[in-house]
Amino acid sequence: MLSPIIGGILMGIDRKLTARMQSRMGPPLMQPFYDAIKLWGKEPFIASSLQPVLAFGYLGFSVAAFALLAFGQDMLLMIFTMAIADLCLIVAAFNSKSPYSNIGARRELIGMMSYEPVMLLAAISIFFVTGSFMIDSIYVINQPLLTFLPLTFLALIPVLIIDMKKSPFDVSGSGHAHQELVRGIYTEFSGYTLALVELGHWTKVALLLGFASLFWAQNLIIGTVLAFALFFVVLVIDNSYPRLDWKTMIKTTWIVGFLLIIANIAGLIARMVILS
Amino acid sequence: MKTMTKARLKSPWVMHFDCGSCNGCDIEILAALTPKFDVERFGIVNIGDPKQADVLLVTGPANKRNQRVLKNLYDQMPQPKAVIAIGECACSGAIFHNCPNTLGGVDKVIPVDVYVPGCAARPESIVDGVVLALQKLQKVSEGEKVD
Chain A
206 MLSPIIGGIL
216 MGIDRKLTAR
226 MQSRMGPPLM
236 QPFYDAIKLW
246 GKEPFIASSL
256 QPVLAFGYLG
266 FSVAAFALLA
276 FGQDMLLMIF
286 TMAIADLCLI
296 VAAFNSKSPY
306 SNIGARRELI
316 GMMSYEPVML
326 LAAISIFFVT
336 GSFMIDSIYV
346 INQPLLTFLP
356 LTFLALIPVL
366 IIDMKKSPFD
376 VSGSGHAHQE
386 LVRGIYTEFS
396 GYTLALVELG
406 HWTKVALLLG
416 FASLFWAQNL
426 IIGTVLAFAL
436 FFVVLVIDNS
446 YPRLDWKTMI
456 KTTWIVGFLL
466 IIANIAGLIA
476 RMVILS
Chain B
33 MKTMTKARLK
43 SPWVMHFDCG
53 SCNGCDIEIL
63 AALTPKFDVE
73 RFGIVNIGDP
83 KQADVLLVTG
93 PANKRNQRVL
103 KNLYDQMPQP
113 KAVIAIGECA
123 CSGAIFHNCP
133 NTLGGVDKVI
143 PVDVYVPGCA
153 ARPESIVDGV
163 VLALQKLQKV
173 SEGEKVD
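From first to last, the protein sequence lines stand for chains A and B.
Numbers 206 to 481, taken from our numbering, label the letters of the first sequence in order.
Numbers 33 to 179, taken from our numbering, label the letters of the second sequence in order.
Same shape as in the complex, but just chain A (with noise of 0.2 Å):
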């Protein structure tokens, strides 16, 4: 339950780091609960009954997701879960009549289908490792996974670009500055429903940064250490690179995504191979 609170504390360090690196001072780091604050006492405007039901869902999920990630279970449940979650969200969009809204939902399923199958290939080349998709059991190795996957730990990257909605690949939602879809997959949350999804958005932050601490999971902190680094390069990239269309968010991702895990894969088998 607490998973809205860290990743609501991760988007302020976001937006002081990101203010930081254009020189400016920045917002206080509790701004995103101010946001959310506010939004919560927005008179409500739904522009269709079931995207309440769905905002909900969405912050379920998310958060349902978390707990499995937190409580060490199946890696797969966590990353359909999430799936889950992120449609939730899709049929919410495109449960109006606004184009915005529906070009952000399409672009939304665009981008899952990006980093689905890179999180799905990096679960798989956990098993590989620890011959388990549980969580628990990345614990019990002796060696930290980061030794065994540093190239699966790489594409991670563009997985937590899409999914923050960071430039280059914010093509479904944008942030802040650039706004031609107005505010594309969110455009007709307003109010409470938009607060809800801004905690959905926070907890899948949370959870994903929390998935990339597991590559050194012996010690929290350095595992700690890891996830802000990959934060850290990933804020670095957002503020260095323009809007990249959706095509070459694909290309980039599975091309990236999909050569380092499976040069990860092989190396771990030509390893086993000489070591028997």
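Just so you know, the hints here were simulated from the structure itself, not pulled from any lab data.
Note that this is a predicted model, so its numbers are computed, not measured.
There are no misleading hints in this set.
Quick list of the computed label-pair ranges, beta carbon to beta carbon: (1) B/R73 with A/T352: 38 to 48 Å; (2) B/G175 with A/S337: 54 to 64 Å; (3) A/N424 with B/V101: 50 to 60 Å; (4) A/F332 with B/D160: 55 to 65 Å; (5) A/R448 with B/V101: 24 to 34 Å; (6) A/F437 with B/K96: 45 to 55 Å; (7) A/I455 with B/P67: 27 to 37 Å; (8) B/G56 with A/V461: 37 to 47 Å; (9) B/I127 with A/I455: 44 to 54 Å; (10) A/S303 with B/V159: 25 to 35 Å; (11) A/S303 with B/R73: 26 to 36 Å; (12) A/T352 with B/G56: 52 to 62 Å; (13) B/V101 with A/S337: 50 to 60 Å.
Mimicking DSS-like on lysine-lysine, the simulated pairs with C-alpha atoms at most 25 Å apart in a straight line are: (14) B/K168 with B/K103; (15) B/K168 with B/K34; (16) A/K371 with B/K68; (17) B/K168 with B/K42; (18) B/K103 with A/K302; (19) B/K42 with B/K171; (20) B/K168 with B/K38; (21) B/K42 with A/K221; (22) B/K103 with B/K140; (23) B/K38 with B/K171; (24) B/K42 with B/K68; (25) B/K96 with B/K140; (26) A/K371 with A/K456; (27) A/K221 with B/K68; (28) A/K221 with B/K38.
Every residue gets a Cβ at the ideal spot worked out from N, C-alpha and C, and that includes glycine.
Since the structure of chain A is already known, use the hints to place chain B on it.
This is chain B only, laid out in the frame that chain A set:
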């Protein structure tokens, strides 16, 4: 209730609508978002969606073509909200006063809370105008009647 008031004051999301201004004021609004003035430190974010905005910034004189759009955008913003007219044209019509194609100030179409004069309005005065609009939001949030 107190937390809500604080949150509202800390996170005013502004939407910007150009009613046919010469772009002088629009450039100054965007200048307020640049590192020099950096309004994001007050939580002010420029947002394109009326459904998510708290403060509407209008530049340029209202005219017969865009009054419907302006009214529509205003109606799409959920309460509590505030409207700021930026620049002479938006305040009173200025040099377009009595022109057959314009209606005059923005207040002919929607209720305006804060007038920021200037041609073009300076970024400092725009930020000041947003602060005044926040005082209105605070009063609304505390349950006072505002007209």
